[in-house]
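Per our numbering, the very first residue in the sequence shown carries number 1; after that it's consecutive.
Don't take each hint at face value.
Label pairs and their calculated CB-CB ranges [claimed, not checked]: (1) V64 x E106: 17 to 23 Å; (2) P72 x D145: 22 to 28 Å; (3) M19 x V64: 14 to 20 Å; (4) R114 x E138: 25 to 31 Å; (5) T149 x D15: 36 to 42 Å; (6) D15 x V64: 17 to 23 Å; (7) G82 x D15: 26 to 32 Å; (8) R124 x A39: 16 to 22 Å; (9) D155 x E35: 15 to 21 Å.
Hints were generated in silico from the structure; no laboratory data involved. Backbone N, C-alpha and C fix where the C-beta goes; we use that ideal spot for every residue, glycine too.
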Amino acid sequence: MSFTGFPAAALDFYDDLEMDNSKTFWTAHKQVYEESVRAPMTALMESLEPEFGPAKVFRPYRDVRFAKDKTPYKTNQGAFIGCGPSTGWYVEVAAPGVRVGAGFYEASADRLARIRVAIDEERRGTELEKLLADLQTEGWTLGGDKLKTSPRGYDTTHPRIELLRHKSITLMKKYGFEPVIHTPELLDRIRVDWRATKPFLEWITANA
């Protein structure tokens, strides 16, 4: 199956699921999920695989074992292609439309310490700063979990203290309801987006 875009039914499905996140609703609309959500996401990932690598298309079920919220189903369909430990590219379709991402979403203490050493160093730190600044001018939003205070060993006056506070660094770009999400052109747009983040991800994998 070739990727032809996400049909409007995919967004409608998640709109309705947010209103009725129940097994009864899921059972009645499972075919819509399979045909309008999972099949196009799988086709999109298969089209990107030759350049970026094999993808993990996430299961629709939430792990509710330790959660206060016991609703059984995720209200989005995500997929991830890794290029390093907890590092890679992301795409998601949900009620608010489509968004794409790149970055690292978690790191061991040792790995995070190495990243901070690189951020602290003038040459490597300013290189990352420029990569992130350039991507933000192209429409990406910088995110990730951050410490509220400075990490141990780093002064609050450090010129890159905001980056040093990060426990993860992610970039997201929203397509929302743009008409392109319903067309095959979305594949090419995502390919271009992900290519643009390669130097950033290469910096992470080289310095982690």
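Structure-inconsistent hints, enumerated in ascending order:
The structure conflicts with hints 8 and 9, although it agrees with all the remaining ones.
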